[in-house]
Amino acid sequence: MFTRDDELDKEVLEVLRQQPEKNSDGTSWKLKLGRKYLTKREIIDNWADDEKLRGDVRKLLLGLKLHLLGRG
Amino acid sequence: MAAAPKFDEVTEISLEWCVQAMDEISDKIDIFDFYDREAVRSQVLQALDDKFPQWFVHYDHGSEYVMWGDDEKPIIDLSNLDRLAGMHVYCLNCLSGKGLGAHAVSKGVLEYWGYVDSVAFTTDALEEFRDVFNYGIVMAVVEGKWLKDVVEEARQHGYDTADRLREESKIMAASAMVRDMNILHVYYEGGPEPPEPECWFSRLAKSLFGWNGLWLLRMLRQKLLGPERARNL
Numbered sequence: 001m002f003t004r005d006d007e008l009d010k011e012v013l014e015v016l017r018q019q020p021e022k023n024s025d026g027t028s029w030k031l032k033l034g035r036k037y038l039t040k041r042e043i044i045d046n047w048a049d050d051e052k053l054r055g056d057v058r059k060l061l062l063g064l065k066l067h068l069l070g071r072g
Numbered sequence: 073m074a075a076a077p078k079f080d081e082v083t084e085i086s087l088e089w090c091v092q093a094m095d096e097i098s099d100k101i102d103i104f105d106f107y108d109r110e111a112v113r114s115q116v117l118q119a120l121d122d123k124f125p126q127w128f129v130h131y132d133h134g135s136e137y138v139m140w141g142d143d144e145k146p147i148i149d150l151s152n153l154d155r156l157a158g159m160h161v162y163c164l165n166c167l168s169g170k171g172l173g174a175h176a177v178s179k180g181v182l183e184y185w186g187y188v189d190s191v192a193f194t195t196d197a198l199e200e201f202r203d204v205f206n207y208g209i210v211m212a213v214v215e216g217k218w219l220k221d222v223v224e225e226a227r228q229h230g231y232d233t234a235d236r237l238r239e240e241s242k243i244m245a246a247s248a249m250v251r252d253m254n255i256l257h258v259y260y261e262g263g264p265e266p267p268e269p270e271c272w273f274s275r276l277a278k279s280l281f282g283w284n285g286l287w288l289l290r291m292l293r294q295k296l297l298g299p300e301r302a303r304n305l
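So the sequences go chain by chain: X and A. Under the working numbering, the first residue of the first sequence is numbered 1, with each subsequent residue one higher. Under the working numbering, the first residue of the second sequence is numbered 73, with each subsequent residue one higher.
No wet-lab data here; the hints were simulated from the structure. Beta carbons: idealized from backbone N, C-alpha and C, even for Gly. There's no promise every hint is true.
Said to hold, decoys possible - Computed from the model, here is a short list of chain X residues facing chain A with C-beta under 10 Å:
hint, residue
1, L16
2, Q18
3, I44
4, N46
5, L53
6, L62
7, K65
Stated by the list, open to error - Stretches of chain A that chain X covers, calculated by requiring three or more beta carbons in the stretch to come under 8 Å of a beta carbon on chain X:
hint, region
8, 89–96
9, 119–131
Start from the sequences and build out the full structure, keeping to the hints where you can.
Okay, here's the thing in structure tokens:
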């Protein structure tokens, strides 16, 4: 049911890769999380070096997975 | 009374959301806002003295013990939290639900709607986030209820919205929405006790002196060290 961090990392990166870089109105897609307000490119570029960012984004996706488990 | 400072990209968005929320309830209550004046500590405190609002709304960056203003200095912090006594407080800011919220009821605040961690959103679902973040204040004022009486409906609305976003393959947006709903808390007299402090010293101080004793220690720390500077929405 629960995946290891590296497996979750792969899953998160896959979700991020599938995330369009542009919104439907042509503006850049951004994620506001904590003090950060980042584009898809900035998240992917910082992924390897920014442990906090990895942990925060990982937690986001894990939260959704747990929510879906709770929904049955 | 609505304070929604604007000094960066994120607060431009939160200001828009606040304006929309106030528009939706303006036929129910008189709104005093700071859209055309600086939402800074002195102005906000003066307005609190002059207007005696029933509701205090803050959309902007927050941190555990601070609601930040246009000048990037605290509007409300531990030292003046009691100025909100007798009011319903509704915050869309990061973390203030954790620190200020925990002390709010003991300072006479009727109820405090806040987030106990960093708020997240994505720009591909700004309408949905606006709708969910505004839901509580709009529902409470329009229906004449307390925030504590609408929080679970608001949370469910957020989860339902997250499910719709997921079905639209907006996975990051859905994830952020679920997180926001998970960290939403309302404190009120007679409600559940705030979570125990994480720090052992704070737990000890709280068990010895109660929430007001812990507030005093934290306020002294704030006076000595300055308000924490982490600016999260």
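Outcome of the hint check:
This hint holds: L16(X) has a C-beta 7 Å from the nearest C-beta of chain A, less than the 10 Å allowed. Against a cut-off of 10 Å between C-beta atoms, the interface hint on Q18(X) holds, since the closest Cβ of chain A lies about 7 Å away. Hint status for I44(X): violated, given a least beta-carbon distance of 12 Å to chain A, over 10 Å. Contact between N46(X) and chain A, as hinted, is not supported at the beta carbon level, the nearest pair being about 15 Å apart and thus beyond 10 Å.
Residue-level restraint check for L53(X) is violated (minimum Cβ-Cβ distance to chain A is 12 Å; threshold 10 Å). Given hint, L62(X) at the interface with chain A, holds; its Cβ is 9 Å from that chain's nearest Cβ, closer than 10 Å. For K65(X), the shortest C-beta to C-beta distance to chain A is roughly 9 Å, which falls under 10 Å, so the interface hint holds. Residues of the region 89–96 of chain A with a Cβ under 8 Å from some Cβ of chain X number 0, which does not satisfy the need for three, so the listed coverage is violated.
Under the rule that three or more residues need a Cβ within less than 8 Å of chain X, the assignment of the region 119–131 of chain A is violated, with 0 such residues.
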